[in-house]
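Keeping their order, the protein sequence lines are chains A and B. Residues in the first sequence are numbered from 1 upward in steps of one, following the working numbering. Residues in the second sequence are numbered from 248 upward in steps of one, following the working numbering.
Simulated from the structure, these hints should not be mistaken for laboratory data. Being a predicted model, the structure only gives us computed values, none of them experimental. Among these hints, one or two may not hold up.
DSS-like, lysine-lysine: derived pairs with alpha carbons at most 25 angstroms apart [as the list claims (entries may be wrong)]:
| hint | chain 1 | residue 1 | chain 2 | residue 2 |
| --- | --- | --- | --- | --- |
| 1 | B | Lys513 | A | Lys87 |
| 2 | A | Lys125 | B | Lys512 |
| 3 | B | Lys480 | A | Lys146 |
| 4 | B | Lys489 | A | Lys146 |
| 5 | A | Lys63 | A | Lys215 |
| 6 | A | Lys146 | B | Lys399 |
| 7 | A | Lys74 | B | Lys512 |
| 8 | B | Lys512 | A | Lys77 |
| 9 | B | Lys442 | A | Lys87 |
Facing chain A, a subset of chain B residues (Cβ under 8 angstroms, in silico) [as the list claims (entries may be wrong)]:
| hint | residue |
| --- | --- |
| 10 | Leu335 |
| 11 | Lys480 |
| 12 | Pro516 |
Ideal Cβ placement from N, Cα and C applies to all residues, glycine included.
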Amino acid sequence: MTKETVFTLDNVSFGYDENKFVLEKISFDVNKGDFIALLGANGTGKSTLLKILNGLIFPNEGKISFLGKDLNEKSLKDVDFKFFFRKEVAFLFQNSDVQLFCSTVEEELSFTLLQLGLPQPEIEKRVIEIAKIFDIIDFLPLSPHKLSEGEKKKIAFASLLPQNPSVFLLDELTSNLDPKNERFAKDFLKTLHNSQKTLICATHDLDFAKSFADKIAVIGQNHNICAFGETKEVLENEKLLLKENII
Amino acid sequence: MKLDTKIPSWLLERESLNSRRPLKGFFFEKSAKSFLRFLARFEEEHSPSFAVRMDTRIKGIIIALVLFSILFAKSLHDLFIFFLFSLLIYFFTKKTIHRIFPFVLIYFLFFLFIAFPAATNLVVNGEIVLPLFYTKGILFGVNIPQTIGITKEGLISLARLFLRSFSSLLLTLFLFGTTPIEKILRDLPLPSSFKILFLIMLLNIKKLLKKSYDTFLAGISRSPISPDFNKRKNITGLTLAKVFKESVRTSEEIHLAMNSRCWNKKMFPPSRFVVSSRNLFPLFAVLILAVMVFSL
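Can you make the complete structure from the sequences, with help from the hints?
Given below as structure tokens:
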């Protein structure tokens, strides 16, 4: 049975400066229910690729589509598509500080739901449920910027869930988390994966990629995809991983 | 067997450095630290006391009522009653008097330099109660009184000004001492875009100040000796540039994060108004006081 294609990237290139590309000719498909680990050395463009997939920045060259519809500035001006896309695709930023901009943790968890126009009782219900799962009930009235980096990361991750997205773009989810929270986050990802959510995770953690991802995309130091395929197959290519400073 | 290390020999030797003064805070770092402390003062200890739990809108109405009454009260007696009332309200913040001492000091200095000349017969004519100095009646071709001193009328207007402005200061300190700025903003009837902009600005200011101060601490940690004045100026300049660049980058990232999280110009609804003695009693007290003062 062929799976539904969520994202299609066709020769996508991006550069903040026209002469210097951060990503060059990236092409791959993401199917529904995929768990893809994005591997690459520092500065290869993993975060930039996730931003492109989230429709926050747009490629200078090439095309990207989401569920068969072009994803570009023009299509995101269509209010219905934008609403649908933002509801379905959630993005965890590498730096939790930029993602947490509300005055309390409770507001953080309810922010997207409020923007989506859900009724207040439903918002409160979902927020409490997520807070219980993440064991952050005590943090709800606190200001996020007063918490530790690990706690911020946990709250940033929790804040993606109330809207119930079907695609998660996660930039270094496990960084800054203590072992207990890291284990929790990984187990949670497994649960999400089992419920057919699509997960794309930028990481440096090879063990994480090996244990959880079913596909791996390696972004090379020349900013293109130098390997894309089944986890086992990619990780067996030690020569490539060494060359690209991944191990 | 000796290990063949590639560590240079100088790294294994003990070096002595000329001891000079360690790096001390330059004006920017000192200001960042002071400002952080100032902000922290309003954020800490919002323990669930009577005044903290009072609805922000009720506080706003009380303050507006008192300010309105102060504006229209003419006699010193009325103004003094409102001043005492403001002082009483201030004590509900449960912050001890030393907390407001810096504010009071700044206020008095300001008052002394700006308002004090208004008490002399140069500004308000009247009966001189304290002659200060004598003149020939003309200065740079301008006629001035021969005796310059503090007048009774001047003192009365000075007292009015003092009672009015100090009462306002106490009320402002009461509001900020019992309510987080975020809560004030949330309950105010302002456009969502303005509220979120102000909140993010406030959050950024705190983060950037902290970052500047941390940069300064990192400087201390890496500077066994204190650099000269010019070097320190450079360090401060670079810190400022870094903070500016960082703030631009952070703002752009926050904008992206907001877009990613469906920002649709909706702000959190104001907190629910609870009809309780905590909210209604102070309101009635102010109303009764205002009616009593003006009817007597």
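Now for the hints, and whether the structure bears them out:
| no. | hint | verdict |
| --- | --- | --- |
| 1 | Lys513/B to Lys87/A | holds, 15 angstroms |
| 2 | Lys125/A to Lys512/B | holds, 22 angstroms |
| 3 | Lys480/B to Lys146/A | violated, 31 angstroms |
| 4 | Lys489/B to Lys146/A | holds, 23 angstroms |
| 5 | Lys63/A to Lys215/A | holds, 22 angstroms |
| 6 | Lys146/A to Lys399/B | violated, 54 angstroms |
| 7 | Lys74/A to Lys512/B | holds, 20 angstroms |
| 8 | Lys512/B to Lys77/A | holds, 16 angstroms |
| 9 | Lys442/B to Lys87/A | holds, 24 angstroms |
| 10 | Leu335 | violated, 29 angstroms |
| 11 | Lys480 | violated, 29 angstroms |
| 12 | Pro516 | holds, 7 angstroms |
Consistency with the previously given hints fails for numbers 3, 6, 10, 11, ordered from lowest to highest.
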